[in-house]
Amino acid sequence: MGETTETKRKTKSSKQKKFQFKTPHTYALLMMIIAVACILTYIIPAGEYKREEKGGQTLVVPGSYHEIAQHGVSFLDLFRAVPEGLLTGGEIVFYIFLVGGAFGIVHRTGAFENGINQAIKSLGSSKILMIPLTMTVFSILGFSIGLAEETIIFVPIGVIIARTLGYDAMTGAAMVILGAASGFIGGMLNPFTVGVAQTVAELPMFSGWGLRTIIYLFILAAAISTVLIYARKVKRNPKKSIVYQLEKEEGNSHKEINYERFTKRQALALSMIVLAIIFNVYGIFRYEWTFNQMSANFVLAGLLAGLISGLGLNGTFDAFIDGMKDILFGAMIVGFAKGIVVILEQGKIIDSIIHGMTTLLNDVPSSIVIIVMFVFQFFLNFFIPSGSGQALTTMPLMVPISDLLHINRQLTVLAFQYGDSISNVLFPTSAILMGALAVAKISYVQWLKFAWKLIAVWAIICAIAMSIALLAGY
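Taking the working numbering, the leading residue of the sequence shown gets 106, the next gets one more, and so forth.
If you're looking for bench data, these hints aren't it; they were derived computationally from the structure.
Note that this is a predicted model, so its numbers are computed, not measured.
Hints should not be assumed to be uniformly reliable.
Said to hold, decoys possible - FRET-style restraints, in silico, Cβ to Cβ:
id, residue 1, residue 2, range
1, P343, P309, 25 to 35 Å
2, K232, K353, 46 to 56 Å
3, F484, I148, 15 to 25 Å
4, I144, N419, 33 to 43 Å
5, T318, H176, 17 to 27 Å
6, K546, K232, 19 to 29 Å
7, F488, G420, 38 to 48 Å
8, L433, A577, 39 to 49 Å
9, P533, K344, 50 to 60 Å
10, T163, P188, 21 to 31 Å
11, M539, P470, 33 to 43 Å
12, V562, T163, 30 to 40 Å
13, P309, K554, 25 to 35 Å
14, T318, V562, 38 to 48 Å
Cβ atoms here follow ideal geometry from the backbone N, Cα and C, with glycine treated the same way.
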């Protein structure tokens with residue numbers, strides 16, 4: 106009888122494991138959304154708005170919506186959508202690949218790791234400053250080159266730095282993840298979020314950077330304060346560590362940084378990337394450069410960095426290819442996300458959706474509408490954890506809606522930018538977040554326990570900022 110009960114228990118347990126829910130792959134989710142979009146082309150009545158050019162922008166003419174003949178897409182169009190998306194978003198796709206390649210070269214030189222090690226030595230007895238210094242550096246990379254996937258590379262370094270200073274793995278992971286996230290949220294020069302969104306919205310690239318800079322400073326200050334308070338608490342009493350068990354097992358074995366000294370060649374390699382960023386910013390504001398010109402500058406910077414560092418031609422291009430491999434997920438997702446819009450446009454239902462949403466929100470105050478947009482983008486990031494992918498998916502809808510509801514396009518970009526960026530450090534569908542936590546050996550639940558209050562503070566800061574921007578006519 107005992108054996109029968111045990112057998113039943115094991116059978117039940119195996120069934121539970123068999124039917125255990127697993128979060129679908131991001132590409133699978135996007136493919137499902139493309140399929141749903143195909144079905145909707147047979148359900149939602151096709152329709153169009155008239156559009157007119159005014160001041161360099163394509164504007165929807167209010168009251169011009171009219172229904173047209175149905176344009177249901179075919180079964181094969183479902184699969185054509187992805188290559189079509191890659192073609193229409195090609196400039197962005199190749200920019201992501203080429204920046205990843207350039208970054209891979211600099212990483213291969215060891216300049217990042219050895220530069221951090223040199224900074225620790227230079228601080229002497231003021232090593233506590235390493236936390237705000239590290240977070241500020243990563244935030245700069247976040248708002249300038251859209252540092253995202255690369256954070257996974259740096260988290261182990263952050264953990265070693267934290268343990269060297271007497272803190273824990275959570276402190277080290279947070280320095281990198283939250284530092285980069287702070288800059289990503291600020292987004293003043295981020296080509297993958299603000300750059301793409303403003304391109305779709307037909308706004309000058311990186312315009313409105315003044316307000317974004319002010320909000321970025323608040324966001325970064327909140328993140329640094331959170332990490333500093335936690336780090337001091339852990340140093341006073343290691344048992345207060347959220348990852349105390351992990352520190353008992355591994356903390357003592359990772360307290361030395363064994364990198365080589367920071368060489369002049371490595372300093373020059375880093376300076377190539379810095380110069381590329383500065384040159385791109387100048388070109389954007391002075392000559393209205395697009396992704397193509399920025400891509401070329403990063404390729405040049407990466408190649409010069411490799412040759413200066415002594416990698417040689419073969420070593421430089423090997424590192425370049427490896428860098429592009431690391432960024433593959435983020436680059437290809439653009440094609441899948443753009444494929445959704447391709448189907449909606451082919452089926453002539455994108456204007457029908459815009460018309461339905463504007464009718465629904467027509468009598469809602471603008472202050473509420475902008476928060477609704479923010480919340481929508483926040484939760485959509487669960488399904489589309491890619492800034493450029495989400496921008497390409499939603500901005501073609503959000504821009505006409507904001508025009509019809511008399512909301513400035515810059516505010517619509519802000520709602521997208523903040524909704525997407527804040528949730529990057531929350532949802533488990535983010536391969537970047539989960540990968541970064543995995544290399545630090547921190548569980549998702551432990552991360553939530555540490556980060557949820559900061560995420561709430563960030564959301565409040567951004568909501569207040571958008572409300573003030575609306576009142577000020579931003």
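Between I144 and N419, does the C-beta distance stay in 33 to 43 Å?
-> violated, 50 Å
Could you see if the CB distance from L433 to A577 stays within 39 to 49 Å?
-> Cβ of L433 to Cβ of A577: about 41 Å, so the range 39 to 49 Å holds.
Quick one: are P309 and K554 within 25 to 35 Å, going by C-beta?
-> Between P309 and K554, where Cβ atoms are some 42 Å apart, the hint is violated.
Are T318 and H176 spaced within 17 to 27 Å by their CB atoms?
-> violated, 44 Å
Distance restraint hint 25 to 35 Å, applied to the beta-carbon atoms of P343 and P309 | violated, 51 Å
Is 38 to 48 Å a correct range for the gap between the Cβ atoms of F488 and G420?
-> holds, 40 Å
Does the hinted range 21 to 31 Å hold for T163 and P188 at CB?
-> holds, 25 Å
Do the beta carbons of F484 and I148 sit within 15 to 25 Å of each other?
-> The hint (15 to 25 Å, Cβ to Cβ) holds, given that F484 and I148 are roughly 23 Å apart.
Do the Cβ positions of M539 and P470 conform to the proposed distance bound of 33 to 43 Å?
-> holds, 38 Å
K232 paired with K353, Cβ distance criterion 46 to 56 Å | violated, 23 Å
Holds or violated: 50 to 60 Å for the Cβ distance of P533 and K344?
-> The hinted range 50 to 60 Å is violated for P533 and K344, with Cβ atoms some 28 Å apart.
K546 paired with K232, Cβ distance criterion 19 to 29 Å = This hint holds: roughly 23 Å between Cβ atoms.
Figure legend: structure checked against the earlier numbered hints; hints not met, in rising order: 1, 2, 4, 5, 9, 13 and 14.
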